[in-house]
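**Q** Here's the letter readout for the chains.
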Amino acid sequence: MAAEPLQRLLQEAFPDATELRVEDRTGGGDHFQVIIATPRFDGLPLLEQHRLVNDALAAPLRDGTIHELRIKTKGTE
Amino acid sequence: MSDLRQRIQDVIDNEPVALFMKGTPQFVMCGNSDRALRALRGAGAPVTAVDILPDPAIRQELSAISGWPTIPQVFVKGELIGGADIVEELAADGELEAKLEGTLGPSYREARAEQVASVL
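Protein chains in written order, with my numbering: chain A, 23 to 99; chain B, 6 to 125.
For the record, the hints were derived by calculation from the structure and aren't laboratory data.
Since the model is a prediction, treat every value here as computed from it, not as a measurement.
Ideal placement from N, C-alpha and C gives every residue a C-beta, glycine not left out.
In silico lysine to aspartate or glutamate, DMTMM-like type, Cα no more than 20 Å apart, as pairs: (1) K82/B - E70/A; (2) K96/A - E100/B; (3) K27/B - D52/A; (4) K94/A - D98/B; (5) K94/A - E93/B; (6) K96/A - E93/B; (7) K104/B - E70/A; (8) K96/A - D98/B; (9) K27/B - E119/B; (10) K94/A - E94/B; (11) K94/A - E100/B.
Some chain B residues close to chain A (C-beta under 10 Å, calculated; not the full set): (12) N37; (13) T75; (14) A89; (15) I91; (16) E94; (17) L95.
Isolated chain B, as found in the complex (with noise of 0.2 Å):
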């Protein structure tokens, strides 16, 4: 496995919400990206974004790992949750949240502030 792949795969494993995304929480670079952000900041997510845009090998190794063609890509605790699309719709449902409280706990929102990470 490579280096690369292997940080990207600490990050699903070990961050409690990892976010995939084209640019960053400060300077969203995609719709879908937004769409994404901004859902799971409305279920109260502690997000670590990942930006993919520096380097493409970023989204090769990533979809490698998780078999999802598109970005972003939501993970909770390493397990693939899905798009910006899958993402909305959990959330307005009620689904994300309860889903983030059987995974994370009843207090994942006070769990800690968002934060970016990088895995070059």
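One chain only, chain A, in its complex shape (with noise of 0.2 Å):
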């Protein structure tokens, strides 16, 4: 899988990232890098930001085309 489904699936659950990008760290289309960037996360614990990430990546991680994820998280305040 290409990075773009997995950067959609985050812009529809975060459409007011104010910075959103998915890397493909290998090239091979199952190690992502995630850096994320919204309001929602303003005053959320680290682990509820994450939990929101996972969340909106479900399908693809249930799936396994998502081997390796990593997540950084930012909150805009």
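Please dock the two separately framed chains into a single complex, following the hints provided.
**A** Have a look at this one:
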């Protein structure tokens, strides 16, 4: 899987994101780095921020198209 | 509750720091598991590692308990801390050590050596 479908899933889940990037870390289409900044993360514990990202990517995580995921979340404050 | 799920729950509840990982500390099978282990070691955490690879059911039951989809998963005294990225981030700004000290007490580093547990 390329990065674009993941990017779309995240855009749908976080329409107010001020920064949103999905990088294919190895070029193999299964190791991804997600970087996302949204006001929704403001004041939210890191665990809950990551949980929202995991929820948005639940389908590709479940079916194994994402083999490895790295997440970097940021608030906007 | 299945026996397997109960044994996983026991590790989560009873171990000071539980790390569910791919492989063992001696033979790590995944980059993210390695990052989490290194961050925990750096903070002096008394890690109990559980290899999830021997049986796919371990991962299924673990995620059903924690509501967390990915491996590794780190728990401190029964509380889910997160995966590799979270543990690394918390370690980098000193929050991991503060959490361990607050939950396990100031002498948590001397508590005991790293160990491995099986849930099968």
